[in-house]
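Chains C and X are the protein sequences, given in the same order.
Going by the numbering used here, the first sequence runs without a break in its numbering and finishes at 478.
Going by the numbering used here, the second sequence runs without a break in its numbering and finishes at 478.
Since the hints were derived computationally from the structure, they do not count as laboratory data.
This one's a predicted model, so the numbers in the text were calculated from it and none came from an experiment.
Don't take each hint at face value.
Since the list can't tell identical chains apart, any single copy or any two copies may satisfy a pair.
[What the hints assert, rightly or not] When the alpha-carbon atoms are kept at most 25 Å apart in a straight line, the in silico DSS-like pairs for lysine-lysine are as follows:
no. : residue 1 : residue 2
1   : Lys287    : Lys62
2   : Lys84     : Lys205
3   : Lys63     : Lys317
4   : Lys324    : Lys388
5   : Lys317    : Lys135
6   : Lys37     : Lys82
7   : Lys225    : Lys26
8   : Lys135    : Lys26
9   : Lys318    : Lys63
10  : Lys62     : Lys26
11  : Lys26     : Lys148
12  : Lys440    : Lys207
13  : Lys318    : Lys62
14  : Lys287    : Lys63
2 protein chains.
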Amino acid sequence: MAKEKKVEQITDMEVDFAQWYTDVCKKAELIDYSSIKGMFIYRPYGYAIWESIQRQLDAEFKKTGAENVYMPMLIPESLLQKEKDHVEGFAPECAWVTYGGSEKLEERYCIRPTSETLFCEHFRNVIQSHRDLPKMYNQWCSVLRWEKTSRPFLRHREFLWQEGHTMHATAEEAMAETEQMLKVYADFCENVLAMPVTKGKKTDKEKFNGAEATYTIECMMHDRKALQAGTSHFFGDGFARAFDITFASKENQRAYPFQTSWGVSTRLIGGIIMTHGDNNGLVLPPKVAPIQVVVIPVAQHKEGVLEACRAVVERLKKAGIRVKIDESEQSPGWKFAEYEMKGVPLRLELGPKDIEKNQCVFARRDNGEKSFVSLDEIEAVAAELLEKVHQGMFEKAKKNLTDHTYDAETLEEAKRLQQENGGFIRTMWCGDEACEIKMKEEAGMSSRCMPFGELPIGNKCAVCGKDADKVIYWGVAY
Amino acid sequence: MAKEKKVEQITDMEVDFAQWYTDVCKKAELIDYSSIKGMFIYRPYGYAIWESIQRQLDAEFKKTGAENVYMPMLIPESLLQKEKDHVEGFAPECAWVTYGGSEKLEERYCIRPTSETLFCEHFRNVIQSHRDLPKMYNQWCSVLRWEKTSRPFLRHREFLWQEGHTMHATAEEAMAETEQMLKVYADFCENVLAMPVTKGKKTDKEKFNGAEATYTIECMMHDRKALQAGTSHFFGDGFARAFDITFASKENQRAYPFQTSWGVSTRLIGGIIMTHGDNNGLVLPPKVAPIQVVVIPVAQHKEGVLEACRAVVERLKKAGIRVKIDESEQSPGWKFAEYEMKGVPLRLELGPKDIEKNQCVFARRDNGEKSFVSLDEIEAVAAELLEKVHQGMFEKAKKNLTDHTYDAETLEEAKRLQQENGGFIRTMWCGDEACEIKMKEEAGMSSRCMPFGELPIGNKCAVCGKDADKVIYWGVAY
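Build the full structure now, drawing on both the sequences and the hints.
This is the structure we're talking about:
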């Protein structure tokens, strides 16, 4: 059977989740390897998901007042070194340019691993007065981090992302921006990608190099590991002081502005795959699926079938739905399996008998449900089903998150729960980095975040037993 | 007067065109300098023009069947060297990465100056059968060329562009694609950017490194110099052979596919500035202007003025027009000059007297024409005036091109015409590179293109006097 022929190429996720993941990335034609380790090729189907994410997130950014810019990709070493914590974190994974043509450069330049330093250099030029604030900039670009290990979408040496960089007159405004952008990310993950998130603050150990505070959204993958899906940083005025960025306040005092940065990357696509995928392949959230409905003609050689299918395509297109028809000579069974693997949210089947009855079949990718639908209503039903697929995917993922979030009172309990179930383990934490390190060493879990607005478990640190007032999430992370 | 205060910062173009250009780039806040020579910062207003170009061109590319992808930014030296002509052209201006973190790389990598080699490496993986053809890919990215000199938008070490790369089963199909994409560029320049173009073929001396043929669109700037605004290349099967890319034909024969590439860059923004700008600053084509209509309240402290202006803004927004209101405390005169400098195509003035009469004033940026318009009709009139501004700009630029394109029969005549008038000089050419070099050395002009479908001037080469059947354009180029 054609279907089995195609699907057997994907390893079952229960057998080997990592291999299943790699298979999906390759077979669904999301990505290809290049000749440089860790540098991947985003193929049309994978890149189209990113374009969809970009388009929608960009609109949300602009609603908050952010403007897009583009900064150079190279950073002089002396510029990178201006903020001490920042350079310590990033210098070990920079790729360095030492020659321009045949000439050795006087100073070496790194390819941006992130662009705080470049933005600060520019902010110094364009911020003079309180009237110049806030500055809310964003750029879509790629960055380079010379990692030792790599996996498609999750860890690349070069990856695509956006980085927002903003400057504000007061710490309060900057903090509000940090929180606002975390909310933009969280809403986007839940409402567009159908990925439920846990919002919270990173510990000092896990925060961004040079930041005063890092906020994060953490998602749970199908294998119950954690994925950090987006971060928003509050810098205080640390970089402003290091780069000597000042403005004349309303009272005509020289003051340092307060800074944030925030980013998400193509890692989100890895999150989509591992949150929603199954043993038949990808399952794409309808709002970012490059193809939302695939039309499969049944007995397409029979008179009138292709014409009827094409008419359906035109109608769905007009209704603003991303639709594709597969008129190739493959069997319908092969096509069913192919577009299941590619995660297309809805399949529309249409054959001679359907045409006679003025109906078609819709099949949902997320749960396999089929329904007969009158041809008079396909636009409205397709839109409704796409919304249901989104809801179904979100609820399934939410259940995975809820079912596998556990409370523990001691390190031993936390360790046992993680070994038995995976998932997120909630405990109290005293705030001491030594306890955080001990949890990592003994239970193999890193801290994920200190969640916002959740009720406490108790009042003793699960590691040292001392008084504790912080709830913290632990997990095994990608 | 506020207006004069602002405008005096821009050098008159008749006094010093190069300084006028730099002034406009800086004062209109299109660009800023970074600490690395030749690497520029695209500021929000400049980047927004590029986003507008991207959005519209991308839609045109997709109509032709092209799909977007993203390739790595680094090219191993051994990969770059696979096509001899190509590497000879580009190696001297590559920036080289030699260290990853603290480790010296075994092989050095260049930051892509263009990506033919990367695409070919990938095509080798994904093209096996005639069913895999055509492959029509495009990517939006930045590239790096270590140039000695630089100017905003016209010559950057790093610049933003798009590069299309396609593979076809036959030479005819590839040639048709080369021509089709040149037409896409030409139509875009004329219909969207209001920049008339001359289409033609480059001489062998001026063609792209490694191409069999390069097609070009050449535009004439306000100073009558030439700007190469976009190119489309036909590669034959040269790269396919060098990279061993083959496919099984319908007859099941192993065959080499035929290749094209095509690109435009942020250089187009330089073209917009120098085609349309005047001594008051930028003049932006309405279809890419980040702000199409600026609303300036007159006597804004008077009751009802701001409210009326805001209502106008909402109505224009709803009509799909990009509109901005300036409610700052600057004088109307200052605001007039500011948005003139920024090239906003239409200004809408609204004050207490206008409100009484249920009217407003529209002022066109391209020719200064003012008209009184009933407030009941602002949406329709704004759309109509934007179209007229586009037409007016195109016709003015077209007149500049037509008035300053001259025919010459000898090198001496060509030289004299160029010295007296600038512009494009049309002559006959025998096809000998020696004549092309002589024209450059003696008249300071490079060949721009051999135009498509224009009538001949005569039958003797303007340089050597021998028989000639090619019409050729000469000019002084950016």
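Of the numbered hints stated earlier in the document, which are not met by this structure? Of the numbered hints given earlier, the structure breaks none, since each of them holds.
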